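Listed below are the residues making up each chain.
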Amino acid sequence: MKVFRSTLVWPLVALVVLLVFNAVASPGFFHVEWKDGRLFGTVVDIFNQGARVPMLLALGMTLVIATGGVDLSVGSIMAVSGAVAAMQVNAGAPMVQAVGAGLGLATLLGLVNGVLIARVGLQPIIATLVMMVAGRGLAMLLTGSQMVPFANRSLTWLANGSVGGLPVPVVLVLGLAVVTGWVLRRTAAGLFIEATGDNEKASRLAGIQTGGVRLAVYGFSGFCAGLSGVLEAANISAADPARIGDTRELDAIFAVVAGGTALTGGRFSLAGSVVGALLLQTLTLTLYNQNVAPAVAPVPKAVVILAVCLLHSPRLRARFGKRTQPVAA
Amino acid sequence: MKRQSFLRLAGLAAAVSFSACKPSGSGGGGGGGAAGGGKLVVGFSQIGADNPWRTAETESVKAEAAKRGIELKFSDAQGQQEAQISAIRSFIAQGVSAIILAPKVETGWDGILKEAKAAKIPVVLVDRGVTVSDPTLFATLIASDFVAEGRMAGEWLVKKSGGKAGIIQLEGTTGAAPANDRKKGFEAAIAGSPDMKVLASQTGDFKRSDGKNVMEALIKAHGAAITAVYAHNDDMAIGAIQALEAAGRQPGKDVTVVSIDGMGFAFEAIKEGKLNCTVECNPLLGPMAFDAVAKALKGEELPKQLVQEDRLFDETNAPAELPNRKY
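Chains as they are written, first to last, in numbering that gives the first Met the number 0: chain A, 0 to 328; chain B, 0 to 326.
Hints in this document: simulated from the structure, not taken from any laboratory.
Just to be clear, a hint being listed does not mean it is correct.
Computed, partial: chain B to chain A, Cβ under 8 Å [what the hints assert, rightly or not]:
1. GLN201
2. LYS211
3. ASN212
4. VAL213
5. LEU217
6. ALA220
Predicted, not measured: the structure shown is a model, and the values here were computed from it.
We put the beta carbon where it would ideally sit given N, CA and C, even for glycine.
Work out the full structure, taking the sequences as your base and the hints as a guide.
Dropping the structure here:
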């Protein structure tokens, strides 16, 4: 069965199982209504809340992980870009300029990660750990460690408005995912990323600018984190430098791994990461809906994560599939 | 300019509460320092300045020291326990008379507190406790009673709703003492009213964004059954209010919203009619801290915990209080 060799199938299976459970256990889970010119329901929340943080961060993280790296700084970069955008609109800048400034600085911080890794030769986990600490500090420094509330309607619209009934973040993020996937697969860029992650030395000898590839993926990851930070600030009409994005890098890594991109680098699947992020968000909302006590909620979460990872394990699948299909040793 | 008037205001408030506490013997304590000839020197190790609450606490201690003519050695540890320990060590080396400590975490203080005790310097803890092998290592802890805060919020809601409500509880960070205690106090207060039902109780991690996300989800799950929200802090309450508004509900009117902390923005929200009530968690611990310092220096035995009085504000008294808020 060829379909079971696709990496996308396992997070999808987990997602479907979870959705079936919800269909049985919580009536109204799939209830979607039209309210004030927009769709309103739990499924819409999954897409909206999922798009704003895990999905967006996972987009950038997928490419970073495909090169064999990791980016721990995304949560802190969220804090920086949210703070910059909020301070800009408070200073009277138009929304586009404020968002541009936030995204610009976030991309720059991502590129700094890239330089530290590709040019200076630091381990990705160390370089981005440094940025994780420094970025949070920068956000605190910019804001004087205080929350920055704002009342700019066009900025809050970015997270609270809707386009054709769909929340703006969903349209933005799915659009970004589709464009990114299209560009990577229609050009050689995707191949270069996978080659860099598979075997950097061989790729370099084959003429791929692996340093440039790495620089680009960290810059892109910074950009995605920046957009996520802007959307999170827009959602609550305030930038929260101390706590925005805190530990969300782990959600992103989970979404990527659940989606079938291995931490060792090489082949990646953007669609898989999107499904992984949806799986994570569905799980979170399921636990809210079932009113699972917050103290024990991490346990069912861990069980689902473990199950998906085990399904991805070729060794485990080989053991169960031994009789029907010979798996290359 | 703004900061100066702020300081003056803080000083004024400190003066007011000081005179209120006067009969409890602080007059004698203050006299002890001044009459002893030299100026009293006290060290204050603060965790950091990461939120307005903590900044207000720092200002309260500084203003009270200035008011009493005490020389304050202040150290901001920027969130690092190690920095607090080395600050205390340097206070000891400088021969301060007493130390005020707002500990970052509960554990790991045995060693440095023993050094302070050996130097016969009393240590007064503010707003958070420590776990130590020997309770005589610190003079007293001055803090708010989180259980009482939760109970006040619960009792207020029972009265307001006439004993009948479908409640969403937004808990603080799982395992944190304020979250556990505010939950305990609230649930005890509503236990006697069978029609006060907690529909769901989920954590919003004390964050505005998580408060909004959780509320969005729970509105879909419980719909019109929700008539009240109890949030363990003001930030989550604001997030919940935004989610309720987006869902077409009227927070403050068809959904009663109660929270804890008494931050300035919560008072604004009460004034706008979106938040119904907030129980303050008073950071202005300076006057009580220096009262305790004075007593400890006179060799008086202090109870191991002194409770800071917290007040409740709703639409009847919040607007009048708003101009006086310092955090």
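Here is how each hint holds up against the structure:
| no. | hint | in the structure |
| --- | --- | --- |
| 1 | GLN201 | holds, 5 Å |
| 2 | LYS211 | holds, 6 Å |
| 3 | ASN212 | holds, 5 Å |
| 4 | VAL213 | holds, 6 Å |
| 5 | LEU217 | holds, 6 Å |
| 6 | ALA220 | holds, 5 Å |
Checked against the numbered hints above, the structure violates none of them.
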